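Full structure from sequences and hints, please.
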Amino acid sequence: MKSITILGAGKSGLALAHALRAKGSQAPITIIDKNLYFLDKKEFISSFSFDTRIDRGTLAKDAGIAFVQATVERVNPSRKKIYRKEGEPCDYETLVVATGLAQVPATFKGDYREGFFYCARMDPFRVKEFLKISSEATVIAGTFLGLKLVLALQGSGKEVTVVGGSWDYLGDYRERIVEWLRQRGIIVYQNAIVEDVIGEGTVKAVKIAPLKVFSSQLVFLDGGYSAQCDFFEEPPVITDTFSCQYPDIYFLGDAARQGIADECFYAFNNKEAVACAQLLAEYIRGGPFPVFSHRVLTSFDKNALIEDFLNNPLARVAQE
1 MKSITILGAG
11 KSGLALAHAL
21 RAKGSQAPIT
31 IIDKNLYFLD
41 KKEFISSFSF
51 DTRIDRGTLA
61 KDAGIAFVQA
71 TVERVNPSRK
81 KIYRKEGEPC
91 DYETLVVATG
101 LAQVPATFKG
111 DYREGFFYCA
121 RMDPFRVKEF
131 LKISSEATVI
141 AGTFLGLKLV
151 LALQGSGKEV
161 TVVGGSWDYL
171 GDYRERIVEW
181 LRQRGIIVYQ
191 NAIVEDVIGE
201 GTVKAVKIAP
211 LKVFSSQLVF
221 LDGGYSAQCD
231 FFEEPPVITD
241 TFSCQYPDIY
251 FLGDAARQGI
261 ADECFYAFNN
271 KEAVACAQLL
281 AEYIRGGPFP
291 VFSHRVLTSF
301 DKNALIEDFL
311 NNPLARVAQE
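Those letters in the sequence shown? Residues 1 to 320, per the working numbering, in order.
Think of the hints as simulated: they come from the structure by calculation, not from any bench. Keep in mind it's a predicted model, so treat the numbers as computed, not measured. Beta carbons are placed, not taken as given, at the ideal position from N, Cα and C, and that holds for glycine. Wrong hints could be hidden among the right ones.
To be verified - Pair by pair, the computed Cβ-Cβ distance ranges are:
(1) N76 with G165: 33 to 41 angstroms
(2) D308 with K85: 40 to 48 angstroms
(3) D308 with D91: 42 to 50 angstroms
(4) G157 with D308: 22 to 30 angstroms
Unchecked claim - With a Cα cut of at most 25 angstroms, we get these calculated SDA-like pairs of lysine to any residue:
(5) K80 with P236
(6) K128 with G155
(7) K271 with E234
(8) K81 with R285
(9) K109 with N191
(10) K128 with E159
Below, the structure is given as structure tokens:
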């Protein structure tokens, strides 16, 4: 019975661990993640809700799973070793990479300042602290997630500015959404480029082109997403839904989505992660090779999603 190591304790990683145990697997399971708490970032972006916060250590213990809080720096497939920032390297037999999304670094200056957050790797608890002391927020919106974040920030009582490009992915809804945002009192700079996030230790203002400088104490960068798997010396090539060129290594969730850089809505990723976890768990236990076709976001789905956004905006902050 091979042991199973899962990198990443997000939606897909936790779903796989639960599926393995639910299907009766007694194999040793270890989950490695740098954060002790799990909080669905996509849900947090939509509503700032902390309702899904999970203590991964407690959850793992209750399910008979080992949880290791560590940062993975490198994976060596030929030696089957995982090199961690904390502690000695560890061996694996079956490895599942479920590390979610990465984000392309900003092309402008000032992303190191306190109060600037990359949406793919923001610490929600740190964000919550800045929400308490900030009155103005800016979202650099490259995808639909950024527009949801705009509403959540306004619902938390912030004066919100959104900066974006052409937003062509909105199709015929583009002008309607821009006007709708402005009617809500949100400042919109479309077809604009951020040049600098200004401040000393913390964010104080944002400079954009065409030339404009405006005050802001919070800045969120949305967009430029990719699969998080940069700890391999030779980039993995995912040959089908789950596998790559390395034996006994599988990919799950956003980490397995080769075309994720071209997505703009991220509407079904969590549902797919759970469905894929069930299939992969069955295969790991000796079942048939899994086949899963990613759901394609059709025009109807996109329109329905946008209409729901316009009619039922999630714009509140959980009170804790």
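Exercise. Would you check the hint for K128 and E159, treating anything up to 25 angstroms between C-alpha atoms as holding?
Key: 16 angstroms, holds
Quiz prompt | Given pair status - G155, K128, alpha carbons within 25 angstroms | solution = 14 angstroms, holds
Quiz item: Lying within 22 to 30 angstroms: is that true of the beta-carbon distance G157 to D308?
Solution: 24 angstroms, holds
Quiz item: Given the proposed pairing of K109 with N191, does the C-alpha separation stay at or below 25 angstroms?
Solution: 19 angstroms, holds
Exercise. Starting from K271, check that the Cα of E234 is at most 25 angstroms away, please.
Key: 30 angstroms, violated
Quiz item: Does the Cβ distance between N76 and G165 fall inside 33 to 41 angstroms?
Solution: Distance hint for N76, G165 holds at roughly 40 angstroms.
Exercise. For the pair supplied as a hint, K80 and P236, confirm whether the alpha-carbon distance does not exceed 25 angstroms.
Key: Answer holds: K80 to P236 is near 15 angstroms, not above 25 angstroms.
Quiz item: Regarding the pair K81 and R285, is the alpha-carbon distance no greater than 25 angstroms?
Solution: 22 angstroms, holds
Practice problem: Using the beta carbons of D308 and D91, state whether their distance is inside 42 to 50 angstroms or not. | Solution: With a Cβ separation near 47 angstroms, D308 and D91 satisfy 42 to 50 angstroms, so the hint holds.
Practice problem: Evaluate the given range 40 to 48 angstroms for the C-beta pair formed by D308 and K85. | Solution: 41 angstroms, holds
The structure does not agree with numbered hint 7 stated previously, though it agrees with all others.
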